[in-house]
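A.B. asks: Could you build the full structure based on these sequences and the hints that come with them?
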Amino acid sequence: MAAATQSSFAANGAWQDIAATLTAAANADVLLQNTGQQPVKVCFGGATAPASDLAGVTINPRGTIVGNAANVWVRSPGGTNLAVTVGHSGGVSGNVASLGNVAAGAADAGNPVKVGGVYSATLPTLADGQRGNMQLTNKGALAVTLFSSAGSAFTAIAPANSTTNPSYALAVASFGMQHNGATWDLAKKPASTNRLLSAAATTNATSVKTSGADLFRVRGHNASASARYLKLYNKASAPTVGTDTPVATYYLAPSAPFDIDFQTALYFSAGLAFALTGAAPDSDTTALAAGDILCLNIHYA
Numbered sequence: 476m477a478a479a480t481q482s483s484f485a486a487n488g489a490w491q492d493i494a495a496t497l498t499a500a501a502n503a504d505v506l507l508q509n510t511g512q513q514p515v516k517v518c519f520g521g522a523t524a525p526a527s528d529l530a531g532v533t534i535n536p537r538g539t540i541v542g543n544a545a546n547v548w549v550r551s552p553g554g555t556n557l558a559v560t561v562g563h564s565g566g567v568s569g570n571v572a573s574l575g576n577v578a579a580g581a582a583d584a585g586n587p588v589k590v591g592g593v594y595s596a597t598l599p600t601l602a603d604g605q606r607g608n609m610q611l612t613n614k615g616a617l618a619v620t621l622f623s624s625a626g627s628a629f630t631a632i633a634p635a636n637s638t639t640n641p642s643y644a645l646a647v648a649s650f651g652m653q654h655n656g657a658t659w660d661l662a663k664k665p666a667s668t669n670r671l672l673s674a675a676a677t678t679n680a681t682s683v684k685t686s687g688a689d690l691f692r693v694r695g696h697n698a699s700a701s702a703r704y705l706k707l708y709n710k711a712s713a714p715t716v717g718t719d720t721p722v723a724t725y726y727l728a729p730s731a732p733f734d735i736d737f738q739t740a741l742y743f744s745a746g747l748a749f750a751l752t753g754a755a756p757d758s759d760t761t762a763l764a765a766g767d768i769l770c771l772n773i774h775y776a
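Counting the sequence shown from 1 gives a position; the numbering used here is that position plus 475.
These are calculated hints, taken from the structure and not from any lab test.
Heads up, a few of these hints could be off.
What the hints assert, rightly or not - Calculated pairs, DMTMM-like style, for lysine to aspartate or glutamate (alpha carbon to alpha carbon, straight line, at most 25 Å):
#, residue 1, residue 2
1, K516, D492
2, K684, D759
3, K684, D736
4, K684, D719
5, K516, D603
6, K663, D734
7, K684, D757
8, K684, D660
9, K664, D734
10, K684, D734
11, K663, D736
12, K664, D736
Said to hold, decoys possible - Computed beta-carbon distance windows for the label pairs:
#, residue 1, residue 2, range
13, R670, L611, 56 to 66 Å
14, L611, R537, 19 to 29 Å
15, L769, S686, 25 to 35 Å
In this text, a Cβ means the ideal position worked out from N, Cα and C, and glycines have one as well.
C.D. replies: Rendered as structure tokens:
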């Protein structure tokens with residue numbers, strides 16, 4: 476750094492323009508180093524003193540700053556001498572505060588600079604015109620507010636016609652979930668159908684799905700003059716009728732269609748299987764007559 480042209484200024488708490496002490500031409504790059512014991516406010520530019528401290532940068536003791544302007548304003552608290560070394564910047568050491576090369580409101584120019592931020596457990600509340608830090612999460616990610624600056628927080632909006640949303644309402648997409656008794660599953664729609672067009676002269680023991688299943692609807696027609704019974708099993712293979720215990724048994728009225736609609740799907744954790752019998756007890760193994768049940772459709776996922 477070039478030799479200092481002035482090293483001491485009276486500290487009266489007021490802004491002082493020290494540009495006249497510079498030996499270089501106006502607008503030359505200058506380096507200021509605070510060699511005193513008090514923080515110093517520095518502001519580059521402006522023909523008149525800054526209106527407030529918000530316009531300046533604080534340079535702590537032993538700190539340095541580089542700037543470029545025709546006017547260099549400094550201010551230090553009263554009651555002590557202000558020691559500032561002024562010279563041309565030929566290298567910088569210690570703590571350095573940098574100023575941008577383009578004024579606010581001017582056309583952008585120059586190379587971009589990597590920026591950082593700060594994590595605040597309690598977010599600051601700034602007043603109009605104040606400068607603030609870019610906020611980070613405690614994982615180092617940029618904290619982004621998803622509502623306008625006019626809002627303060629999200630507001631729950633009840634579903635209704637002609638609802639007026641506040642400016643900071645956030646539109647979201649959601650996926651329906653249903654609990655199966657142990658875990659949460661995505662809400663499903665019936666994607667598969669198991670068909671039995673005409674029952675055989677047996678119990679028609681059938682495996683529908685060999686893994687977890689959601690049963691939505693069962694439709695068909697009982698062509699017999701007697702009641703028949705549909706038994707559902709939580710099993711990954713065809714049931715052993717009379718030995719396995721069904722999880723549900725449904726009465727099929729004689730000579731009538733049937734339509735069993737589950738508003739919320741019936742969940743089978745191991746698999747889905749069924750059988751058709753002539754009596755209701757779990758142990759019954761009465762076989763049907765051929766054609767007793769017609770067009771049995773089981774809709775599941």
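A.B. asks: Just pull the numbers of the violated hints for me, sorted ascending.
C.D. replies: none
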